[in-house]
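Use the sequences and the hints to build the structure in full.
Chain residues, written in single-letter form:
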Amino acid sequence: MDVFRVYGFAVSPQRTSDEKVSPSGGAFKVTSDIKNALASLMESAKLGSQSVVDFQTDPHDDSGRRKHAVRDQILHIAFGNSSQAKAAATRLANSLAACMDKRSPDSLLMVAASRDGQKIGRATLWAFPQEEAFQFKPLKKGAAVKLLSDIFSQSSRLRKAALFEGEHIRSHFWQGRVLDLQTTGSYGKAADYWIRDFLKCRLGLEGDAGTRILADAVRKTYDQLSSDAEREQLYGAIVAVRTSPRRTWSANQFARQYLEGGLRSVFLSHVSPDLQSLSFQFRRKAFEDRLNFRVFRLDNGAFVSAPFSAIDNGVTILTGNERRLRCEGTILEEHMRSRRA
Amino acid sequence: MLEKLRIEFSARHPLLESIAEKLEAETKEVLIGMPRIDRISFRAKGIDSFIKKVAKRTGDATYSSPLSEVEDQVAGRVLVFFYPDVVDIQMRLKEKFTAIESIRKQPMKDDEFGYESHHLVCQIPPHVLPEGWLSRADVPKTFEMQVRTLFMHAWAEPQHDLAYKAAADLPKEIRRELAWVAASAWGADKAFERVWEWQTRFSSDDARTQASD
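Going line by line, the protein sequences match chains C and Y.
The opening residue of the first sequence carries number 502 in the numbering used here; numbering runs sequentially from there.
The opening residue of the second sequence carries number 13 in the numbering used here; numbering runs sequentially from there.
Just so you know, the hints here were simulated from the structure itself, not pulled from any lab data.
For each residue, glycine too, the CB sits at the ideal point set by N, CA and C.
Don't take each hint at face value.
To be verified - No farther apart than 27 Å at their CA atoms in a straight line, the calculated lysine-lysine pairs in the DSSO-like style are these: (1) C:568 with Y:121; (2) C:721 with Y:108; (3) C:620 with Y:65; (4) C:620 with Y:64.
Stated by the list, open to error - Under 7 Å between C-beta atoms, here's a sample of chain Y residues computed to sit facing chain C: (5) 77; (6) 81; (7) 83; (8) 108; (9) 110; (10) 113; (11) 116; (12) 135; (13) 139; (14) 143; (15) 149; (16) 154.
Unchecked claim - Here are some chain C residues the structure puts well away from chain Y; computed CB gaps all over 12 Å: (17) 527; (18) 653; (19) 823.
And the structure:
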């Protein structure tokens, strides 16, 4: 795709700021260096295969109108004339500033439009956090060091990106791809601003559906394993993901976090390649129900976890005045270890 | 050009059928626990029906990319017993699928009777798509969903076989007959709704009386 327009804005968080500072910047020349840099960023971020997001419309609007303010700006950037695109990019910069609070650093918002022939357009948004860096120059006698504060990092884990592409028709540009490494960590609600507040999107892989895919892959993996060590590793992963503070997962992230070696490959073989990197909101109950996984806390402080079909097969729930648990079986292995969340 | 389109659409039809099958399963999963659903069904648009739809658009309205623009290549329908269920079902569907368009189709004027239905146009979720689909520009990204009562459906469905182009083509008496059927369907829905509300009120009054005894 050929980049034909780019805008850059310095954006300061404004959501909780007393002193209002509007984003500054605008269009800049599309040089071959810029084109190469943007292409390199796309490739290193693997943006084309990152999480799918959908523009979220008003669920109470039954008028039949297809309304979404951010989508409209994206379309102006990809297909509009210069003044429409410039106005749209400026609106996005202002909107981003309004969504950010002091937990986020000042950032560079770059908005690029590309075209593939006549029909397919693309709008890419990048947000790079501001950092400080030392510029070093050796001199004949000694050295010169300067502190640069107007640097925006291309490789920071706080960087974000979004890509939308398609034809200029009513059913396209409702879905895009997003890179947001904060969302996929334990940053909680602060991390939602890029997808939810700024882009006004939701994850394309719905929580229950994504959780079911994860659970089904776990189950198929477990059924395939013959090694006790691998079964225990997988079992540990099941217990850990249930109680992790992280709310958003993808199959790739689950595999990287909890599984090693061959077990990781086996697990990922049960998830379609197109879905492996898609993020979803993990739903604990849906996960447990799908795996028929139960955890019991007893009055004596003991925790008993029963995977898959152990209930009524060595683990019995007795009903009466109070519910009691009876668990009986042959010990195959015994460990003492600290609990890993 | 239509012949070329027919060949291209026919080639992908098995994939559309697969999407329809998976969407039906997904919708059934999404609506588990919702009461008073009569049936959930999905279909891939027939090849002849697709070509006919594309051919109908002429002049400025012509599809520039019919293979991606026609939005009901996969479509589904949920039939429910009572009108309030239509509202509840479509809210659940909007929660679980991304709807880009929602419209309550009904006659324009208050004293008219005709087609009624709730229509949604939703993103096809990524996990029901064939591999590589998301990266292609020449494929549909959306599907249509209709939510209706049984009576709304009873009026709407035979219209396909009556095969008239526009109501204006019909003689006045026939138009009045069809309006009467639509009004009767509307009336039947209203009657059922009143009975359902009475039943619900009666059950809670009865429960309160028993509780106070």
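Outcome of the hint check:
A distance of roughly 25 Å separates the Cα atoms of residue 568 of chain C and residue 121 of chain Y; the hinted pair therefore holds under the 27 Å criterion. For the suggested pair residue 721 of chain C and residue 108 of chain Y, the alpha carbons sit about 25 Å apart, so the restraint of at most 27 Å is met. Distance restraint check for residue 620 of chain C and residue 65 of chain Y: the Cα-Cα separation of roughly 22 Å lies within the 27 Å cut-off, and the hinted pair is therefore satisfied. In summary, the hint linking residue 620 of chain C to residue 64 of chain Y is supported, as the alpha carbons are separated by about 25 Å, within the 27 Å threshold.
Satisfaction of the interface hint for residue 77 of chain Y is found here, the shortest Cβ-Cβ separation to chain C being roughly 6 Å, below the 7 Å cut-off. At about 5 Å, the closest approach between the beta carbon of residue 81 of chain Y and any beta carbon in chain C falls short of 7 Å, and the interface hint on this residue holds. A hinted interface residue such as residue 83 of chain Y counts as satisfied when its beta carbon comes closer than 7 Å to some beta carbon of chain C; here the least separation is about 6 Å, so the hint holds. Interface restraint check for residue 108 of chain Y: the shortest CB-CB distance to chain C comes to about 6 Å, inside 7 Å, so the restraint holds.
Against a cut-off of 7 Å between C-beta atoms, the interface hint on residue 110 of chain Y holds, since the closest Cβ of chain C lies about 4 Å away. Checking residue 113 of chain Y against chain C: minimum C-beta separation of about 5 Å stays under 7 Å; hint holds. Because the beta carbon of residue 116 of chain Y sits about 5 Å from the nearest beta carbon in chain C, less than 7 Å, this interface hint is met. Hint status for residue 135 of chain Y: holds, given a least beta-carbon distance of 5 Å to chain C, under 7 Å.
Given hint, residue 139 of chain Y at the interface with chain C, holds; its Cβ is 5 Å from that chain's nearest Cβ, closer than 7 Å. Checking residue 143 of chain Y against chain C by beta carbon gives a least distance of about 5 Å; that is within 7 Å, so the hint holds. Here the hint on residue 149 of chain Y is kept, as its CB sits about 6 Å from the closest CB of chain C, short of 7 Å. The interface hint given for residue 154 of chain Y is met, as the beta carbon of that residue sits about 5 Å from the closest beta carbon of chain C, less than 7 Å.
Remark: the non-interface label on residue 527 of chain C is consistent with the geometry, its nearest Cβ contact in chain Y lying 30 Å away (cut-off 12 Å). Interface exclusion of residue 653 of chain C from chain Y stands, the closest Cβ pair being 30 Å apart, more than 12 Å. Distance check for residue 823 of chain C against chain Y: the nearest CB is about 27 Å away, which clears 12 Å, and the non-interface claim stands.
In the structure shown, no violation is registered for any of the earlier numbered hints.
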